[in-house]
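Protein chains in written order, with our numbering: chain A, 817 to 1187; chain B, 817 to 1187; chain C, 817 to 1187; chain D, 817 to 1187.
Source of the hints: derived by calculation from the structure; they are not laboratory data. Warning: the hint list may mix true and false statements.
[Stated by the list, open to error] Computed from the model, here is a short list of chain B residues facing chain C with C-beta under 7 Å:
1. Arg-832
2. Pro-854
3. Val-857
4. Asp-957
5. Ala-962
6. Gly-969
7. Gly-1080
8. Met-1081
9. Val-1082
10. Gln-1083
11. Arg-1086
12. Ala-1091
13. Thr-1096
14. Arg-1106
15. Asn-1108
[Claimed, not checked] Restraint-style ranges between C-beta atoms, simulated for each label pair:
16. Thr-973/D - Gln-1114/C: 48 to 58 Å
17. Ala-997/B - Thr-986/C: 35 to 45 Å
18. Thr-973/A - Glu-867/B: 40 to 50 Å
19. Arg-1106/C - Gly-917/D: 34 to 44 Å
20. Asp-887/B - Ala-915/C: 45 to 55 Å
21. Gln-1114/A - Ser-1052/B: 53 to 63 Å
22. Leu-1107/B - Arg-994/D: 23 to 33 Å
23. Gly-1168/A - Gly-969/B: 15 to 25 Å
24. Pro-990/C - Gly-1133/B: 51 to 61 Å
25. Pro-864/B - Pro-854/C: 25 to 35 Å
26. Thr-973/A - Gly-1133/B: 53 to 63 Å
27. Glu-1003/D - Gly-1018/A: 26 to 36 Å
Where is the CB? At the ideal position from N, CA and C, for every residue including glycine.
4 protein chains.
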Amino acid sequence: MAYITQNFAGLPAPVRIGLIGSGWMGAFHAESIARRVPGAVLSAIADPNVESAEALATALGTPKVTANAEDILADSEIDAVIIASPARFHSSLIAQAAAAGKHVFCEKPAGQGLDELDTALAAVEAAGVHFQIGFNRRYADDFQAAKKDLAEGVAGTPQLLRSLTRDPGTGSIPNAARVPAWTIFLETLIHDFDTLNWFNEGAEPVEVYAVADALVEPGLRDQGFLDTAVVTIRYSNGALAVAEANFSALYGYDIRGEVFGSKGMVQAGRATESAARRYTAEGLSAETPRLNIELFKQAYTDELADFAGAVRARRDGVPAPSSDFTLTPGGADARRALAVALACIDSVKQGGPVAVAGLAVLSALDDKAGV
Amino acid sequence: MAYITQNFAGLPAPVRIGLIGSGWMGAFHAESIARRVPGAVLSAIADPNVESAEALATALGTPKVTANAEDILADSEIDAVIIASPARFHSSLIAQAAAAGKHVFCEKPAGQGLDELDTALAAVEAAGVHFQIGFNRRYADDFQAAKKDLAEGVAGTPQLLRSLTRDPGTGSIPNAARVPAWTIFLETLIHDFDTLNWFNEGAEPVEVYAVADALVEPGLRDQGFLDTAVVTIRYSNGALAVAEANFSALYGYDIRGEVFGSKGMVQAGRATESAARRYTAEGLSAETPRLNIELFKQAYTDELADFAGAVRARRDGVPAPSSDFTLTPGGADARRALAVALACIDSVKQGGPVAVAGLAVLSALDDKAGV
Amino acid sequence: MAYITQNFAGLPAPVRIGLIGSGWMGAFHAESIARRVPGAVLSAIADPNVESAEALATALGTPKVTANAEDILADSEIDAVIIASPARFHSSLIAQAAAAGKHVFCEKPAGQGLDELDTALAAVEAAGVHFQIGFNRRYADDFQAAKKDLAEGVAGTPQLLRSLTRDPGTGSIPNAARVPAWTIFLETLIHDFDTLNWFNEGAEPVEVYAVADALVEPGLRDQGFLDTAVVTIRYSNGALAVAEANFSALYGYDIRGEVFGSKGMVQAGRATESAARRYTAEGLSAETPRLNIELFKQAYTDELADFAGAVRARRDGVPAPSSDFTLTPGGADARRALAVALACIDSVKQGGPVAVAGLAVLSALDDKAGV
Amino acid sequence: MAYITQNFAGLPAPVRIGLIGSGWMGAFHAESIARRVPGAVLSAIADPNVESAEALATALGTPKVTANAEDILADSEIDAVIIASPARFHSSLIAQAAAAGKHVFCEKPAGQGLDELDTALAAVEAAGVHFQIGFNRRYADDFQAAKKDLAEGVAGTPQLLRSLTRDPGTGSIPNAARVPAWTIFLETLIHDFDTLNWFNEGAEPVEVYAVADALVEPGLRDQGFLDTAVVTIRYSNGALAVAEANFSALYGYDIRGEVFGSKGMVQAGRATESAARRYTAEGLSAETPRLNIELFKQAYTDELADFAGAVRARRDGVPAPSSDFTLTPGGADARRALAVALACIDSVKQGGPVAVAGLAVLSALDDKAGV
């Protein structure tokens, strides 16, 4: 029996992708497209720092480099864009790319306010392009296995959920003074909010209570920089969720999810780097995951493969890849997670629980195919 | 080299213990004293349900049974009492027992209000008797190993803590209608509050935010019965803690603790009944712990052995057993956990965060030896 | 609902036990009987080292001490004996105790040759007394859970089995020169042989191939002292088993069992001291078990509780405790494991596989109730 | 700081690879080269079953298909070959490919006898081409982490080793009657022999004792088909190793390795498919790995990436990738594992331990760079 390579049978023209923003994350996505995602090619890189973009293009064999994202959006040879610029440009770039007819993969957050995001998503809808947000955690094998179990009812109706992110560190945050105060909610915990929303699919986040502090860098407390946070979310189905983050875990990159419900519990989260174990005079020991692009390398690759597959399906009018459970994070997911993050900021400011804004709009978004 | 039985060398007269309240927990403690705690004997049982008490006494060979706790308190042959009556009698029984010169082991909670508990603890202090509260989790081998690590600084300064209790169930709570509305805070989460306080030793719980609901038994929501809760606690050292409880875990008894700090993380909590594992066509499987007196049998025994040792030391003027880290939960611990539980009730009523009452008194209690 | 103490209802006279041999293991058993086994009392201690025996008796409150085992065997007040003398005296003491009408618990091995053991077991049979061998591993919670699964057919028909013992050490064996050359088979691996026989119940060990060496203490190779061994056993049902031992594991006491069969696999063996885990800059770490009487404390207690229960049942004519699966190791088990150990010695001497002796006798023994 | 794509900087011409044999494993390797190995292209496919080869070529975009391996060997555009034909052709194809100046990656076993393999390796040496054998397990993250630890001395001097392979199955082996009798040693356990040799680097396998049987398919015992085996290996440094295999594990693909030594133990082997866990009324459960190309997908990719990198280094005269520990399995490794497998066959035939042949030649091979 021959090994079946059905995924590649009758492979059509590759999906041509332009990268907007070639910083650390953008460059990693570029490498994924160029080296690890079958059926996609990296056609162009746009970055104001042209020198850096050119070095990347040389390394990856990318034919086109530009300082201006507009050059990519105007290129009729390009099917889709990956937006990996600083977050403050995300929503306007989404809107421009959609208007130019490009399918869009955007790093989180999709915007910094609900109004700007709604404008962007309206442009996506108007253009009929595919939109995907970079919630890569959905593509990690353990989170996906947990989601599959949840979709099959293994845990029953969710009652208690937990998601946490602890970024690797050394006990201090060298560039903390330059990090925006609310980053912990808008750029870090937004992953956890999506995980919780996804795991508790069908329910809406209704109310949020957030506490946060500068515990890693107490000296920055007065500037409002927050490195540690705990968030409680009440969902419309009664479920209670906790999200938790910290910017400096000495043991590395710690990402976990847990859903407890009427039938049981499912958990995701990898405690160790591999299955290898050591037993010495000091007892048991094992390596822990140290970096997001190591722990989630497969997830980062798979989210882009999913994106490329969806773009190809749209472009060529073929069926998109399907899954037994909800997988691809789209516009409604981006907005729902952002709404929770923004509510957290309000909650910290007010010192009490606050309602999550814009639920009516969220429900409407969910009903729209393609968003 | 002979095995050294130093624990028993020159064993003096056994500690004579009277049990007040022979319900499920009291009877289990009685059996522990009679069968599993060297150096202690069960001398008497008091319970209004004399028939039940007599059956227990017969089974265990206990010489004396009475309907009235006063008979035990008046018995000069008895060194100490175990109070396992309903919680509403705890503080007054503590006060009476102390006044009668008996050393006291009391099941949690030590009282239902801070005033009544303060009165009881004042009686304990006035009488100079030993007081211990039934926070058995401190004696579980994994929680104790975690505490030892914390005492050695393995996790550094605590920043994020978590403790949870999920009681075993079948998806409903047969006797829920008869359970007091606030039980989840006063009798269940109080264990978690103590664990968090103990793990974050040296800091005080300052502010509490609690959300709770009837998710297992939604039909009882209108009566105010709560079966699911999440609590956020801010500590005086900035640490943020989450406690979580649910009354019906289909997979059994789930107790966990976690401390994340500036140097790392320690975790406690046993996911499976034993180290045995099965691999079949369905994948990996293993038994989970089903009952508190199974999971914590050793802990329940050890807390009473600790109590008996302390009583003996007081009675005979010998040194009490010592530990590398804080172990025995006393009056200040009972009060601190109760203060958090009461603040949770306020928080649920008010729908927002509330300050934990009585910190000044707490700090004073901590300074008093013997309490 | 009151906690049910049915185990103690109508408790009859305690089982009176005499200890023969108060060395390290004997003293630990003495403490177990005196302090941890309900319904049993330690009535006497016999040891040529009377001083040591007296110290133990004083510590435990044992009323009688003697230099001669005969004094215990002649004592009509004593129901049963625990034999914990050096192994070379075991079989003759078993025979004498049986002849005196005492029920017998004997530490492994029950003898050093099949002839002497057969004589002893014949005496046991003739006297109609209860006999139990100290294969404590059967009472460890994980090995028992694995056995229960096997009895329920979880693994199907066994095809591959593994059992290992690694004793804690520091990389050398201080008293190695005084340890008999074949100890690794007769006193250490005999536990593994019993585990394998028990896990593969219904089949007989047919052929053995053993390799062994002095790898911890190469300097003692010339004296024939062996500290490392691997044994392959062929069973009558075709199953292939491996037993493995080493005398110096720097990480502590490592005991594991595994059965792979037509339906799946079951595993037993505890890798860590407790469920506590640490995560630091060095990664994950946890404590490992360091001592047999710590790892197997419950197992050592339970095997004696089982013995006491069986003795009481015989003495008082009441039903013995029952189990869903074969538990108590008796004479046939002692002999079967010894036969494998002796075959290993032959195999090492001959440098090839050898048949396991005396199978016909083994099968006959299995059919005899009470042995 | 930009993400550094140093692996691709200044990327030269890709390595052009020809595949010989497009069966199940060959087709998977083809897909890996075409889709997952940066810097390599699949230039041609040779297979007597041209139709199947053409389907694969179409799916992967491979430009050239032929029925004859000679067409690939004669193609001056091709740098290297992957040999994935049936094992009986391996050694002669290695020799021919080497003679044609092609670098060679060959699936295991490299030959079926030591003479034919020696001839092939002599041709490799004479031609100065790079040779790699498909011991993919060396590239699995956990085995590699274990090897790294061993290289750093974590376990000290090896004393006891274990490696096992259990292939997934359903309790029967549908095509068993067509599988060669000695497959379990020559094609399955040869992986384990390499793992043991690699883990015990520096020592030679000296003596082997193998037992094997038809336990999954007892009906084929008379035909000599063996589906279950246990092998004991004595190494020149005294270490004792056990390798174990079975062709039908109902729970999936079970691959483990363990080294115990004078300083401790390291273990490799992944028990579950991902870190996801389920807790339900039945207890804990998790998915197990079901297929080699799933469990070892990364390992299969990485071994070819290693090969492509080495070929490029040879071709372009640049430094080959380096590692802190021995990684790439070459000719001496192929021969050493084969020598053990052949000794196992002898051992089964003779019913006793046998010496491993050809050690002198092995040591000579180890000294030759490039082999």
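How the hints compare with the structure:
Evaluation of the Arg-832/B hint against chain C yields a violated restraint, the C-beta minimum of about 17 Å exceeding 7 Å. At its closest, the beta carbon of Pro-854/B sits 4 Å from a beta carbon of chain C; the interface hint therefore holds under the 7 Å criterion. For Val-857/B, the interface hint is violated, since its Cβ never comes within 7 Å of a Cβ in chain C; the closest pair sits about 13 Å apart. A hinted interface residue such as Asp-957/B counts as satisfied when its beta carbon comes closer than 7 Å to some beta carbon of chain C; here the least separation is about 4 Å, so the hint holds.
Interface restraint check for Ala-962/B: the shortest CB-CB distance to chain C comes to about 5 Å, inside 7 Å, so the restraint holds. Because the beta carbon of Gly-969/B sits about 10 Å from the nearest beta carbon in chain C, more than 7 Å, this interface hint is broken. For Gly-1080/B, the interface hint holds, the least distance from its beta-carbon to any beta-carbon of chain C being 4 Å, beneath 7 Å. For Met-1081/B, the shortest C-beta to C-beta distance to chain C is roughly 4 Å, which falls under 7 Å, so the interface hint holds.
At about 5 Å, the closest approach between the beta carbon of Val-1082/B and any beta carbon in chain C falls short of 7 Å, and the interface hint on this residue holds. Contact between Gln-1083/B and chain C, as hinted, is supported at the beta carbon level, the nearest pair being about 5 Å apart and thus within 7 Å. Because the closest C-beta pair between Arg-1086/B and chain C is about 4 Å apart, less than 7 Å, the hint holds. A cut of 7 Å between beta carbons decides the hint on Ala-1091/B: the least distance to chain C is about 4 Å, and the hint holds.
Below 7 Å, beta-carbon pairs count as interface contacts, and Thr-1096/B has one with chain C at about 4 Å; its hint therefore holds. This hint is violated: Arg-1106/B has a C-beta 13 Å from the nearest C-beta of chain C, more than the 7 Å allowed. Because the closest C-beta pair between Asn-1108/B and chain C is about 11 Å apart, greater than 7 Å, the hint is violated. Restraint check, Thr-973/D to Gln-1114/C: a C-beta distance of roughly 35 Å breaks the suggested window 48 to 58 Å.
For Ala-997/B paired with Thr-986/C, a C-beta distance near 58 Å fails the hint of 35 to 45 Å. A beta carbon spacing of about 43 Å between Thr-973/A and Glu-867/B agrees with the range 40 to 50 Å that was offered as a hint. Look at Arg-1106/C against Gly-917/D: about 59 Å separates their beta carbons, and that is not inside 34 to 44 Å. Look at Asp-887/B against Ala-915/C: about 53 Å separates their beta carbons, and that is inside 45 to 55 Å.
Separated by about 43 Å at the C-beta atoms, Gln-1114/A and Ser-1052/B break the suggested range of 53 to 63 Å. A hinted range of 23 to 33 Å for the beta carbons of Leu-1107/B and Arg-994/D is inconsistent with their spacing of about 53 Å. Separation of Gly-1168/A from Gly-969/B is about 35 Å and departs from the stated range, judged on CB atoms against 15 to 25 Å. Checked against the hint of 51 to 61 Å, the pair Pro-990/C and Gly-1133/B fails, with Cβ atoms roughly 41 Å apart.
In this structure the supplied range 25 to 35 Å holds for Pro-864/B paired with Pro-854/C, their Cβ-Cβ distance being about 28 Å. Taken as a hint, the range 53 to 63 Å holds for the pair Thr-973/A and Gly-1133/B, whose Cβ atoms sit roughly 59 Å apart. For the pair Glu-1003/D and Gly-1018/A, the supplied restraint of 26 to 36 Å is violated, since their beta-carbon distance comes to about 50 Å.
Of the numbered hints given earlier, the model fails hints 1, 3, 6, 14, 15, 16, 17, 19, 21, 22, 23, 24 and 27; all others are met.
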